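Colleague: Residue numbers (numbering that gives the first Met the number 0), protein chains in the order written: chain Z, 0 to 131; chain C, 0 to 131.
Just so you know, the hints here were simulated from the structure itself, not pulled from any lab data. Among the hints, erroneous ones may be present.
Which copy is meant is left open, so a pair is good if it fits within one copy or across any two.
In silico DSS-like links for lysine-lysine, alpha-carbon gap of 25 angstroms or less [claimed, not checked]:
{"hint": "1", "residue 1": "K124", "residue 2": "K1"}
{"hint": "2", "residue 1": "K61", "residue 2": "K4"}
{"hint": "3", "residue 1": "K56", "residue 2": "K88"}
{"hint": "4", "residue 1": "K126", "residue 2": "K113"}
{"hint": "5", "residue 1": "K33", "residue 2": "K124"}
Please read all numbers here as calculations on a predicted model, not as lab measurements.
Number of protein chains: 2
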Amino acid sequence: MKLLKRHTDYAIIALLVLAKNKSKKIFSVAELAKTTKIPYQFLRGILQHLHKHKLLKAYKGKNGGFSLATSLDNVSLLSIIRIFQGEFKLNECLFRKMVCPNINRCVLRKRLKKIESYFLEELEKIKLGELI
Amino acid sequence: MKLLKRHTDYAIIALLVLAKNKSKKIFSVAELAKTTKIPYQFLRGILQHLHKHKLLKAYKGKNGGFSLATSLDNVSLLSIIRIFQGEFKLNECLFRKMVCPNINRCVLRKRLKKIESYFLEELEKIKLGELI
DNA sequence: CAAATTGATACTAATATAATATCATATTAA
DNA sequence: TTAATATGATATTATATTAGTATCAATTTG
Numbered sequence: 000m001k002l003l004k005r006h007t008d009y010a011i012i013a014l015l016v017l018a019k020n021k022s023k024k025i026f027s028v029a030e031l032a033k034t035t036k037i038p039y040q041f042l043r044g045i046l047q048h049l050h051k052h053k054l055l056k057a058y059k060g061k062n063g064g065f066s067l068a069t070s071l072d073n074v075s076l077l078s079i080i081r082i083f084q085g086e087f088k089l090n091e092c093l094f095r096k097m098v099c100p101n102i103n104r105c106v107l108r109k110r111l112k113k114i115e116s117y118f119l120e121e122l123e124k125i126k127l128g129e130l131i
Numbered sequence: 000m001k002l003l004k005r006h007t008d009y010a011i012i013a014l015l016v017l018a019k020n021k022s023k024k025i026f027s028v029a030e031l032a033k034t035t036k037i038p039y040q041f042l043r044g045i046l047q048h049l050h051k052h053k054l055l056k057a058y059k060g061k062n063g064g065f066s067l068a069t070s071l072d073n074v075s076l077l078s079i080i081r082i083f084q085g086e087f088k089l090n091e092c093l094f095r096k097m098v099c100p101n102i103n104r105c106v107l108r109k110r111l112k113k114i115e116s117y118f119l120e121e122l123e124k125i126k127l128g129e130l131i
């Protein structure tokens, strides 16, 4: 079972290309699609998402495109995952409340929550800046 | 993003019912489906899977059914997840080798592998026996 | 004003998950 | 012995998620 979706993968690849070419600054989707070999329309959607989440600046019109809005040292792997995959939920459908009528007391839920928390903390620690 | 599939959930529910009714021992799929409200055919497939993986004994013919093949103290949450979901893969499609031509040296992969390992170890520690 | 670019959104395709149906085989009890 | 009742195996269908495409509107710039 894959824990990372293609969206997440592509987003990181695109962000790293932007970070590696600081001199150029603004890339159009077409340029990025070409250098990364990510399907143009798909990549467009991804970059628009990153823009909505303030990770990219967008420039409309001729010679427009996207540029990094922040240093990747401040951007965690987890933050990208969250944008494209939402939260990881480990105890989501377990038992559908049959076993644990009282959620607060349920030992299992607590343990799962703890595992989940560690997982998220570690993914938060990984910054994209380290990958350039 | 849900990390547990319905199969896993249902499997655990069924196993717990079997463990809670030690006196009865053998349950048919029909009985289990009724008490757990899990769709009959779906549950059948799940129990057949658990049988294949030696967690259940199967009895064909009239008055047949399934019984626990082992104490749930020996059965981890992870083992059930593995049966129905396969392995969790955290670094599966990350970068499609663009960033890391040398897998062995890649720092990111090592870190992801470590997170993954902790995750699996903790899920292995949780035994279904504790949930009865 | 024309060309190039993103914004928004609707659509299609592929894959994975969930659920159902059915025929074959084995067992048991009347 | 045989009819009823189970599971074994497997094929099929339905639904949801993920992946990818298309398009029109709005904006910018030369």
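Colleague: It remains to establish, for every hint, whether it holds in the given structure.
Modeller: Hint-by-hint comparison with the structure:
| no. | hint | result |
| --- | --- | --- |
| 1 | K124 to K1 | both (21 angstroms within a copy, 22 angstroms between copies) |
| 2 | K61 to K4 | neither (32 angstroms within a copy, 47 angstroms between copies) |
| 3 | K56 to K88 | neither (31 angstroms within a copy, 32 angstroms between copies) |
| 4 | K126 to K113 | both (22 angstroms within a copy, 16 angstroms between copies) |
| 5 | K33 to K124 | neither (31 angstroms within a copy, 47 angstroms between copies) |
Taken one by one, the earlier hints fail for this structure at numbers 2, 3, 5, listed in ascending order.
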